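Q: Keeping their order, the protein sequence lines are chains A and B. The first sequence begins at 1 in this note's numbering and counts up one residue at a time. The second sequence begins at 1001 in this note's numbering and counts up one residue at a time.
Please keep in mind that the hints were generated in silico from the structure rather than gathered at the bench. What you are looking at is a predicted structure, and each value in this text was computed from that prediction instead of being measured. Idealized CB from N, CA, C, for every residue including glycine. You can trust all of the hints, since none of them are fake.
Capping the alpha-carbon separation at 27 Å, the derived lysine-lysine pairs in BS3-like fashion look like this: (1) K1009(B) to K41(A); (2) K51(A) to K1133(B); (3) K1133(B) to K57(A); (4) K83(A) to K41(A); (5) K51(A) to K1009(B); (6) K1133(B) to K41(A); (7) K1133(B) to K100(A); (8) K91(A) to K61(A); (9) K1133(B) to K128(A).
Which bits of chain B does chain A cover? Going by a derived footprint, with three or more residues having C-beta under 8 Å, they are: (10) 1024–1035; (11) 1101–1113; (12) 1117–1125; (13) 1128–1135.
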Amino acid sequence: MVLSGADKTNVKGLFAKIGGQAEDYGAETLERMFAAYPQTKTYFPHFDLGKGSAQVKGHGKKVAAALVEAANNIDDIAGALSKLSDLHAQKLRVDPVNFKLLGQCFLVVVATRNPALLTPEVHASLDKFLCAVGTVLTAKYR
Amino acid sequence: MVHWSAEEKQLISSVWGKVNVEECGAEALARLLIVYPWTQRFFSDFGNLSSPTAITGNPKVRAHGKKVLTSFGEAVKNLDNIKGTYSKLSELHCEKLHVDPENFRLLGDILVIVLASHFGRDFTPTCQSAWQKLVGVVAHALARKYH
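Work the whole structure out from these sequences, hints included.
A: Quick look at the structure:
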C-alpha cells in the first residue's frame, strides 16, 4: 500500500486545516478509543482514564504530535517515526490490532468536528496514512 | 444473546430515528467502495466505478446502499435477537454471494464514520461505543451461518 501524490496532498491539507487543534483531536481520539474498545485500556493501568483526565489529554497531545510529524514528513514516515518505532517494538509492544482501532477513532473525531473536510477522497487518503503509520510503528516487532 | 444496557438501546434508537436511510446507506456503500477499492469485486455489474465521483453518483450504488441500510434497521428493531434476524441473510452471503465476513466489519466502521459526520458532537464517545458494538454484533450475526 503506497501513498499517492494525491493522498499526500490530502493528508497534508487536512492537518494544515486542523492546525493547533491537533492536540484536542488526539485527546478525544483516545477518549473514544477507551470507550468503544475497553481492551485498549489494558495498556494504561497507570493512568487515570476518567473524563477530563489530564494524563489522557497529555498523551493525546503526544499521539497527535506524532501524526503531525508523520504528515509533515510524509515522504519518509519510517524515518520520521524511527525512534517511536523502536519504542513500540522494545518497550510498549502494543498489539498491532490496536492501531486500527486508534485510526478508526481518529477518523470519527475528524468526522464529528469537521465533516466537510472528510470527503470520500480525503477519508480514503487519511485511512491509508493511518495504516502506514501503524505499519511503521510495528515494523520492528519481529 | 447480546446484552444491551438501557442507555445503549436509547443511544441506538435515538440516532436511528434521525437517520435518512437512503442518504446514509448510499454514502456508506460509496465510501466502502472508495476507501477499500477491493470491495468493488462484488459489484462488477454495477457499471461505472472508475472514480470517487462516479461511485458516489452511481444509481446502483445508491440503490444498493439503501437496501443494505434498510436491512440494518432490522437489527435496530430487534436488538434482542440479531442472530435470528440475520440467519437467512447469513446463509445467503455465504452460499450465494460468497462475501468474506471481513467486509461486514469494514462496512460497519464506515457506517460509524458516516453517522459521526452527520451527527457531529451529538455523536458522543458513549454513542459511538454503542454503535461500534452494534455494527460488531451485526457483522458477527452475518458471519454466523458460514460454512
